[in-house]
Amino acid sequence: MLIFEHSRPGRRNRSQFSTIKAEKQNIPQNLLRKSPMLLPEASEMDVVRHYTRLSQKNFSIDTEFYPLGSCTMKYNPRACNALAMLPQFLARHPLAPEDTGQGFLACMYELQEILKDVTGMAGVSLTPMAGAQGELIGVMMIRAYHEARGDKKRTEIIVPDAAHGTNPATAVMCGYKVVEIATDKEGNVDMAALKAAVGPQTAGLMLTNPSTLGVFEKNVSEMSRIVHDAGGLLYYDGANLNAVLGKVKPGDMGFDVIHINLHKTFSTPHGGGGPGAAPVGVAERLLPYLPVPMVAYEKGVYRWLTEKDVPHTIGRLSAHMGNAGVLLRAYVYVRLLGAKGMNRVSEYATLNANYLMAELSKVGFEIAFPTRRASHEFIVTLKEIKEKTGVTAMNLAKRLLDKGYHAPTTYFPILIPECLLIEPAETESKETLDAFAAAMKEILVEIQEQAEMVKSAPHDMPLRKLDDVKAARELDLTWKP
Amino acid sequence: MSIPTQLKYTKSHEWVKSESDGTITVGITQHAQELLGDMVFVELPKIGRTLAQKEECVVVESVKAAADVYSPVAGEVVAVNSELESSPEKINQDPYQAWLFKLKPDNAADLASLLDAQGYEKALESEGH
Chain P
1 MLIFEHSRPG
11 RRNRSQFSTI
21 KAEKQNIPQN
31 LLRKSPMLLP
41 EASEMDVVRH
51 YTRLSQKNFS
61 IDTEFYPLGS
71 CTMKYNPRAC
81 NALAMLPQFL
91 ARHPLAPEDT
101 GQGFLACMYE
111 LQEILKDVTG
121 MAGVSLTPMA
131 GAQGELIGVM
141 MIRAYHEARG
151 DKKRTEIIVP
161 DAAHGTNPAT
171 AVMCGYKVVE
181 IATDKEGNVD
191 MAALKAAVGP
201 QTAGLMLTNP
211 STLGVFEKNV
221 SEMSRIVHDA
231 GGLLYYDGAN
241 LNAVLGKVKP
251 GDMGFDVIHI
261 NLHKTFSTPH
271 GGGGPGAAPV
281 GVAERLLPYL
291 PVPMVAYEKG
301 VYRWLTEKDV
311 PHTIGRLSAH
321 MGNAGVLLRA
331 YVYVRLLGAK
341 GMNRVSEYAT
351 LNANYLMAEL
361 SKVGFEIAFP
371 TRRASHEFIV
381 TLKEIKEKTG
391 VTAMNLAKRL
401 LDKGYHAPTT
411 YFPILIPECL
421 LIEPAETESK
431 ETLDAFAAAM
441 KEILVEIQEQ
451 AEMVKSAPHD
461 MPLRKLDDVK
471 AARELDLTWK
481 P
Chain V
1 MSIPTQLKYT
11 KSHEWVKSES
21 DGTITVGITQ
31 HAQELLGDMV
41 FVELPKIGRT
51 LAQKEECVVV
61 ESVKAAADVY
71 SPVAGEVVAV
81 NSELESSPEK
91 INQDPYQAWL
101 FKLKPDNAAD
111 LASLLDAQGY
121 EKALESEGH
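Quick mapping for you: the protein sequence lines, in order, are chains P and V. Residue 177 in full-length UniProt numbering sits at position 177 of the first sequence, and the numbers go up by one each step. Residue 29 in full-length UniProt numbering sits at position 29 of the second sequence, and the numbers go up by one each step.
These aren't lab readings, by the way, just hints derived from the structure by calculation. It cannot be assumed that every hint is accurate.
As a list, the in silico BS3-like pairs of lysine-lysine whose alpha-carbon atoms are at most 25 Å apart [unchecked claim]: (1) K46(V) to K122(V); (2) K11(V) to K383(P); (3) K116(P) to K34(P); (4) K386(P) to K64(V); (5) K465(P) to K90(V); (6) K11(V) to K386(P); (7) K57(P) to K386(P); (8) K104(V) to K64(V).
As the structure is a prediction and not an experimental result, all values here were calculated from the model.
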């Protein structure tokens with residue numbers, strides 16, 4: 001039910017009435033609306049009840065297990081929220097002078113330094129406001145580098161077919177032609193295909209390591225050498241950084257630019273599609289192009305670095321310091337963990353994934369890459385189950401909702417038919433993983449004994465199975481009285 | 001899965017039917033529609049557009065994904081199946097009847113590069129499906 005459906009003419013909510021009245025209006029008559037705006041009319045209690053009910057329907061990491069592969073749905077510690085919401089941070093004006101904002105600037109500077117250290121890059125800019133923006137900025141810097149050297153023949157970006165869809169989209173947005181290369185049977189980038197694809201036209205390679213297939217690229221040093229020898233640069237998609245945090249540095253693997261999804265690896269809230277934050281890190285040769293503002297620390301004083309300090313910067317991505325509140329949460333998170341804690345993150349993230357993979361294999365699920373150690377996530381394929389019973393990955397995912405679990409990522413990566421990409425994250429206990437494996441086992445039995453019931457799931461949710469074709473074709477986004 | 005033997009195929013899962021007037025009719029295969037799932041939108045090329053071989057010319061969007069369809073050979077678009085714009089589900093119901101567009105090939109000899117049913121079946125096997 002929508003708040004509009006609670007609306008009754010004349011019902012008011014006095015405490016929320018605006019008290020500001022404009023004295024003068026300069027807006028021309030022809031631009032003013034003729035009829036009043038359509039707004040719900042409801043009492044304060046109606047509104048409170050409506051939104052409280054909605055919040056109770058929320059499925060979140062605060063309520064249940066959320067093994068959504070590739071998304072790193074880890075717990076967001078309360079301390080990060082509490083400290084980032086100190087009134088001194090919240091009330092700080094983004095244009096406040098540097099000398100009244102030294103505390104905030106210090107947090108940003110230290111976050112830059114910590115991210116530099118943990119990724120092995122020469123410089124970091126915190127401003128990108130989403131993973132996709134971080135990617136865009138990363139490839140724009142690659143382009144700026146080649147252009148500054150007068151190297152105009154580099155028109156292609158190589159992207160493995162296992163990549164997130166944002167990688168080729170980013171390359172195209174930056175004016176590059178995408179060259180897709182294949183994956184071998186073990187889930188590694190096909191080295192022969194890479195060798196055949198590189199050349200004087202190669203601007204760079206975009207790689208996710210560990211890949212979206214839930215395995216570590218075996219030949220990353222070799223790949224780095226091949227691309228660099230051809231004059232291209234290496235882009236590291238930090239989507240799966242949680243698997244290597246504190247263990248291996250992308251800088252040491254030879255990457256020239258990286259984006260880091262703070263809302264994944266550094267535990268800031270995922271929100272409803274935002275606000276995200278995706279700092280970019282670069283190797284020495286890309287330092288001149290980093291987006292501003294950044295923060296410098298000189299003679300005991302923190303100050304903003306702007307276009308004056310970084311004349312070749314590719315520019316600004318927002319009016320101020322990106323999603324500053326999200327950056328603060330990540331800062332508190334890294335300080336709470338410390339260097340040793342970051343090691344534990346990747347150790348437990350990979351341990352949890354490998355444990356759950358072994359348990360699901362034991363109860364009878366087919367693992368997509370059974371001979372490979374999982375990274376922080378792994379893939380189950382229902383290809384055989386679908387052939388035998390007609391039950392699809394989507395059916396199983398919907399049935400999991402009935403059991404109280406968020407479904408894993410379905411049908412991604414698209415290379416694997418009928419797949420579930422499962423990422424437990426390091427913050428889950430063995431008991432939770434065991435309970436999830438038990439629920440999956442129950443569903444496996446249900447598939448064998450009552451396949452039709454599984455196909456028509458969910459059964460116990462507020463809404464039953466939706467007609468997703470109708471929903472996509474007949475979009476219904478606006479409420480009308 | 002039965003693959004009609006009278007048609008030709010591409011590795012990117014298009015089927016091609018040679019018509020008596022020298023044009024070809026193009027659609028997507030049973031395998032492709034199965035992989036994509038329930039179709040929700042189809043975006044067809046403009047009649048008269050000239051296409052290079054392997055040029056993206058149709059977008060098919062399903063509940064799972066949006067995918068490009070590629071031109072099997074170079075040529076000019078002479079007809080499109082606009083019925084699919086309002087009933088994209090026909091692709092799911094009968095992919096070998098629900099054609100996407102008709103093409104006048106620049107060079108009839110290009111058609112020799114296409115796979116026959118047996119070749120397409122082999123290509124599917126090597127894809128691991």
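Item to check | Indices of hints not satisfied (ascending) | outcome: Those not satisfied are hints 1, 3, 7 and 8.
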